[in-house]
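Throw the hints in and build the complete structure from the sequences for me.
Sequential numbering from 538 applies to the sequence shown in our numbering.
There could be a bad hint or two in this list.
Said to hold, decoys possible - Capping the alpha-carbon separation at 27 Å, the derived lysine-lysine pairs in DSS-like fashion look like this:
#, residue 1, residue 2
1, Lys751, Lys717
2, Lys1144, Lys1100
3, Lys605, Lys551
4, Lys1059, Lys1140
I should point out that these hints are in silico values taken from the structure, not numbers from a laboratory.
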Amino acid sequence: MGNVITDRVAFFLKDFHPFSFLDQEDLEGLASNITVKFLTTGETLYREGASFKEEIYVLRQGNVKLLKQEESSIRLVDQCEPGDVFGVRAFFIGKTYELTAECAEESLVYAISKKTFQVLLEHNASFSLFFAKGYASGQVIVRGEYQQETSPLMKARFDNQRLLYSRDVLTCQPSDSIQKAAQLMTDRNVGSIIVADADRRPLGILTDTDLRKKVVSKGIPIDQPISEIMSSPVFTAHAGLTLPEALGAMIKKRLNHIVITEDGQNDSPISGILSDRDVLVSQKNHPAALIKSIHNSNEVQKWADARNAAEALLKEYLEQEVSISLVANLITSINDVIIEKALDKAIEETPEAEKHSFSWLNLGSEGREEQLLRTDQDNALVFADTENNDSTREIMVQVTSKVTEMLDMCGFEKCPADMMASNPKYCLSLSECKNLFSKWINVPDPASIMNATIFFDFRAMYGSRSLGEEVHEHLRRELKPGSLFFHNLAKNALQNPPPLSFFKNFLVEQSGEHRSEFDIKKRAMMPISDAARLLCLSHGMVDIQNTAERFHALAEREPNNQKLFDEAAAAYEIMMRYRAMNGLHNSDNGRYIQLTELNKLEKQMIKNAFIPIKDLQELISVRFQANAFD
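As structure tokens, this is what we get:
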């Protein structure tokens, strides 16, 4: 290829990701090794099911359609625009193409050889991380070829098509009587009615369950206005809601209905309604079905069986490359329901506990909503102060001891360090919890710092919401900018250096049971989660626990560091995926990875995900003067 053509190719590519991440020398090297293909209308670059052609493609000019063969028709999955990369899935995932790439008009395409592409992945971290980020989010390639569609069930669950919802919405006015609303529901044979204002903006919802629990059981007169008993506000969404979004919202927020409005907000007119029956299929291992089976049983073994099924579901989702954030959301919801049921059962068996207000706190990875695999328990309990806190603690420890036993039976092993709510040290009154947090902040010895890294990720998931909020508010008040606590927390965050040696090799365990294995938790995940915690706490953002969400919040707070924080969030989710896959493969917690089981490309992608660690630690070292007093 002549220099003029090479210059034109390089000039074109530099404006499109991921080629914009390459320096001029690499860009020119790539351009000089590209093959230019001219294709006519109807000509194909590759066909669905065909073997990988050892090339990756970039559309320069024209129109390329990505097509999927259905049972009796061909479906248009996507349409490439100039600058789009396609045909990548076969390189990363398998040896055959999932779709057909066909030219809709005369097109000019740049073809990159497998060898050239692999060199770029191995030698340019940002270039590689671009694709690795797609891997974590469930979209390995750039255009069109989303999750593998080998499983019709998975296709039905996670295809990003718009959902079909009912546009014929039964509504009433807030002044209408309960009897009138119930009669309207009976006449239409539906289980819900939306309460709307004169402009059809949703104000609330009434369901059959509401009528039973709020009217019949409590003897409320049926001539009362429906506004007295409606559930409000309603959850609203736009008409373009996808199945993953609907499923995630329904499970996370325990919704049975989503109201569709013109712009997705609750101050715009109603245009439809989506029920759980519209989106939740009655498959044995569907997440909603698993949650329902747990809700409907008081047998611990049934909960354990459902959690085992969730493990199989996790494996399926990871193999289908479903977004790791959605997977974590679903698994967390299942875990939370098991904890709720265990608490319900324990309180029922300890009647004297019912009169006490308390909040169950999930700590560590479960507090951060990142516990994909069943690791050991980390939890605590905070109860409202009473005249005799010791007596109240005795009662609550009876409850928490039963809960931790039931969780152990469901596969969540007890914490070896006994950092559980069943330990009286971590079953605390509100004032005791506040005092303990203050001590850890104001007398930051090594033990306090270690406790802070676990407890300050707490998530109040059962009981009194106000107690959890009060603990968060106390934590916010105690964290004073420039305090010695942040300096020591920064030193702790720097204990684990970037996980590569001087020669860019993985730092592996040198002795013991896991000799020559890579500790992905200690050497890669902890440095990132520690950094996210430290930086968020320093900004007073105490009520965000999830590591990726912390980095997204930091990116908004510090736009000058947005690129670093976005890469750190992506890197963490990549490692969450690899750890979960490793754990499922070895039937353990996935912490230790046998490097001989990774291929060269996998090793390189993991290595490139480590890049943000060094930059994060440099930022922390300077900002918090971590070495100033050494």
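Tested hints:
1. Lys751 - Lys717: Holds - the C-alpha atoms of Lys717 and Lys751 are around 16 Å apart, at most 27 Å.
2. Lys1144 - Lys1100: Judged against 27 Å, a Cα distance of about 18 Å means the pair holds.
3. Lys605 - Lys551: violated (31 Å)
4. Lys1059 - Lys1140: The hint holds at about 17 Å.
Violated hint for the displayed structure: number 3, the only one.
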